[in-house]
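From just these sequences and the hints, can you work out the full model?
Chains as they are written, first to last, in the working numbering: chain A, 494 to 842; chain B, 494 to 842.
Hints listed in this document are in silico derivations from the structure and should not be mistaken for laboratory results.
Some hints could be false.
Copies of the same chain are indistinguishable here, so a pair counts whether it falls within one copy or spans any two.
Said to hold, decoys possible - Derived pair list, reagent style DSSO-like, types lysine-lysine, alpha-carbon separation capped at 30 Å: (1) K790 x K580; (2) K636 x K538; (3) K751 x K834; (4) K800 x K728; (5) K790 x K687; (6) K686 x K791; (7) K751 x K728; (8) K751 x K800; (9) K686 x K790; (10) K544 x K667; (11) K636 x K800; (12) K686 x K660; (13) K841 x K524; (14) K538 x K841; (15) K687 x K791; (16) K728 x K636; (17) K667 x K839; (18) K800 x K686; (19) K751 x K726; (20) K800 x K614; (21) K790 x K667; (22) K580 x K660; (23) K800 x K687; (24) K800 x K726; (25) K532 x K663; (26) K719 x K572; (27) K537 x K636.
Number of protein chains: 2
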Amino acid sequence: MSGYTIAVVGATGAVGTKMIQMLEQAAFPIKEVKLLASKRSAGKKALFNGKEIEIQETTADSFENVDIALFSAGGSISKQFAPEAVKRGAVVIDNTSAYRMDTEVPLVVPEVNEEAIRSHKGIIANPNCSTIQMMVALEPIRKQYGLDRIIVSTYQAVSGAGVSAVKEMKDQAKNMLNNEPFEAAILPSGGDKKHFPIAFNALPQIDLFTEDGYTFEELKMINETKKIMSNDKIKISATCVRIPVVSGHAESVYIEVKEDGASVASIQDLLRNAPGVELQDDPANQIYPTPLDAAGKKETFVGRIRKDRDQENGYHMWVVSDNLLKGAAWNSVQIAESLYKLGLVKAKD
Amino acid sequence: MSGYTIAVVGATGAVGTKMIQMLEQAAFPIKEVKLLASKRSAGKKALFNGKEIEIQETTADSFENVDIALFSAGGSISKQFAPEAVKRGAVVIDNTSAYRMDTEVPLVVPEVNEEAIRSHKGIIANPNCSTIQMMVALEPIRKQYGLDRIIVSTYQAVSGAGVSAVKEMKDQAKNMLNNEPFEAAILPSGGDKKHFPIAFNALPQIDLFTEDGYTFEELKMINETKKIMSNDKIKISATCVRIPVVSGHAESVYIEVKEDGASVASIQDLLRNAPGVELQDDPANQIYPTPLDAAGKKETFVGRIRKDRDQENGYHMWVVSDNLLKGAAWNSVQIAESLYKLGLVKAKD
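This is the structure in structure tokens:
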């Protein structure tokens with residue numbers, strides 16, 4: 494059987510397990526899937542298309558004969574092993590923040606800048622979850638009217654912080670509902686000093702703080718947007734907040750368009766026909782996206798599009814997508830599909 | 494014993510029960526508290542300063558000899574009984590939206606526009622919960638630098654929709670955690686056609702939709718802000734979202750100040766010394782407000798103050814307060830304190 498040999502690095506994680514599922518739906522032939530993880534997880538098994546695959550420890554040699562390697566095991570693992578994979582002829586699609594702002598590395602949302610992958614030198618970066626869905630929703634508007642400004646406040650799901658964070662939230666919720674003591678050891682950021690409960694709470698910190706009071710998550714949204722849209726001039730600010738949702742990031746997005754002629758109806762039309770977008774925007778019938786509805790789906794859902802009441806060219810909208818799928822695993826597999834479609838990777842065997 | 498006779502209308506509700514607690518801390522003498530509710534709740538008992546008080550059915554005659562009547566039993570009850578209370582010589586402090594935009598009725602946040610109560614004609618309106626905390630946080634900045642613009646996205650707690658909505662959220666959460674079927678019959682708005690689960694979800698609808706795609710909750714924030722700040726010119730837009738939190742509304746607020754000279758440090762200084770505000774803004778030590786921390790407290794908490802990275806006079810902040818206390822019961826009792834302090838109500842006996 495011919496086709497790609499695909500490696501998934503971080504195969505037991507929240508994103509890695511979704512990568513395996515998304516690969517089952519990929520529009521390219523797959524000869525073999527290699528599931529890689531830490532030594533601790535080696536020997537465990539996972540299913541791909543109903544077939545049991547044993548998870549192996551990630552080593553440099555794991556990437557021999559691999560055509561495409563999907564990484565989602567943390568930035569330090571990517572830094573360590575992505576060059577090894579490239580050295581062995583694999584194209585790396587990296588879901589960590591390790592290479593996203595590297596000028597040599599394309600940062601790709603296929604609906605927005607698929608052509609950027611042509612310039613890859615072995616590594617292609619998958620943007621941050623909260624950036625991707627916003628790009629999918631805004632690109633059709635940018636293309637038609639231009640964008641001067643974005644102000645976004647996020648409502649981000651706990652699965653973005655991993656399987657253990659979801660477990661902790663559920664344990665906290667159970668204990669709170671039973672009026673029992675609860676613990677917080679993971680959120681807002683595993684790498685930070687203090688931890689706060691997320692169940693029945695909202696935490697205005699995702700990732701660590703930088704010196705100017707923004708978090709790295711907020712800077713990711715700002716800097717990645719500029720890179721993906723190839724626009725250093727766009728005014729963009731973000732406030733990133735974690736809320737007690739399992740999967741499905743939501744975003745309250747305010748934009749100012751550059752050109753005249755936009756209206757709520759014209760923006761709805763653009764999004765109704767946009768790739769990767771599902772318009773859910775009918776307030777009279779209470780149709781709008783919610784995280785619970787979006788979870789498990791690959792689309793980016795947009796609703797509540799309305800004109801700012803004071804700013805001539807200002808619009809507000811509500812953007813929701815499954816952070817583990819379009820925000821991570823599905824976008825990575827889509828990049829692999831683009832590599833295949835554009836003929837940029839030939840299977841080694 | 495001398496002092497005011499105070500009526501609480503809606504004494505068994507989420508806000509009414511907090512009004513009774515807040516009256517225990519009021520800075521004026523109280524002779525008697527009359528607890529009023531629907532016929533259904535008549536005969537139940539509640540404690541005020543350790544003394545059991547029987548709840549009575551609200552009738553026009555309930556307001557005989559009442560000095561101040563706090564209403565929080567829904568707009569239609571206020572429309573029906575507030576005029577009866579006024580006719581009998583009581584001053585009404587109304588926590589519903591019934592009279593807020595009435596030009597004859599002052600809309601008051603004591604830290605912001607206490608003097609407005611001098612013009613009352615029997616009814617004083619308590620603003621919407623999400624408006625109040627934003628006003629407390631922004632008034633010190635407005636006073637110093639002026640405000641051109643506000644863009645707010647809210648993260649609102651379920652207790653704002655009443656005791657039954659909180660119970661429903663907890664039931665949904667329990668069932669979801671046990672992988673059992675769950676029901677949704679109340680949120681996003683009891684008066685609307687469809688209902689969606691709020692547990693582990695986020696709902697971008699609070700109150701009903703208006704024809705231009707904004708919800709009434711969003712228009713409350715917009716119109717009440719203009720009235721409280723006596724400024725029709727201010728640009729203001731709101732996106733109101735319900736999240737699975739019991740009590741404590743959070744808000745991601747973006748402002749543009751009018752005058753030069755503002756900085757993060759100067760805004761922090763203003764808020765550090767502002768009435769009703771507690772500054773919690775030290776990102777390096779992960780100090781910022783959260784709903785769980787704010788619940789049960791009377792202050793408005795402000796953190797994450799930072800300069801917009803592109804807009805010269807733009808600032809972002811995170812504002813949290815207990816929606817049942819400063820957002821409702823405590824603000825109402827503060828208005829009663831102002832009436833007492835300014836000598837606007839003489840006890841009848």
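Now the hints, each set against the structure:
no.	hint	in the structure
1	K790 x K580	neither (35 Å within a copy, 59 Å between copies)
2	K636 x K538	neither (45 Å within a copy, 64 Å between copies)
3	K751 x K834	neither (33 Å within a copy, 53 Å between copies)
4	K800 x K728	both (19 Å within a copy, 13 Å between copies)
5	K790 x K687	between (34 Å within a copy, 22 Å between copies)
6	K686 x K791	between (35 Å within a copy, 28 Å between copies)
7	K751 x K728	both (12 Å within a copy, 19 Å between copies)
8	K751 x K800	both (14 Å within a copy, 23 Å between copies)
9	K686 x K790	between (35 Å within a copy, 25 Å between copies)
10	K544 x K667	neither (35 Å within a copy, 35 Å between copies)
11	K636 x K800	both (19 Å within a copy, 29 Å between copies)
12	K686 x K660	within (20 Å within a copy, 34 Å between copies)
13	K841 x K524	within (11 Å within a copy, 89 Å between copies)
14	K538 x K841	within (26 Å within a copy, 79 Å between copies)
15	K687 x K791	between (34 Å within a copy, 25 Å between copies)
16	K728 x K636	both (17 Å within a copy, 27 Å between copies)
17	K667 x K839	neither (50 Å within a copy, 50 Å between copies)
18	K800 x K686	between (42 Å within a copy, 25 Å between copies)
19	K751 x K726	both (12 Å within a copy, 24 Å between copies)
20	K800 x K614	neither (42 Å within a copy, 37 Å between copies)
21	K790 x K667	both (27 Å within a copy, 24 Å between copies)
22	K580 x K660	neither (37 Å within a copy, 58 Å between copies)
23	K800 x K687	between (40 Å within a copy, 25 Å between copies)
24	K800 x K726	both (23 Å within a copy, 17 Å between copies)
25	K532 x K663	within (27 Å within a copy, 40 Å between copies)
26	K719 x K572	within (23 Å within a copy, 53 Å between copies)
27	K537 x K636	neither (46 Å within a copy, 63 Å between copies)
In terms of the numbered hints stated before, the structure departs from hints 1, 2, 3, 10, 17, 20, 22, 27, listed from lowest to highest.
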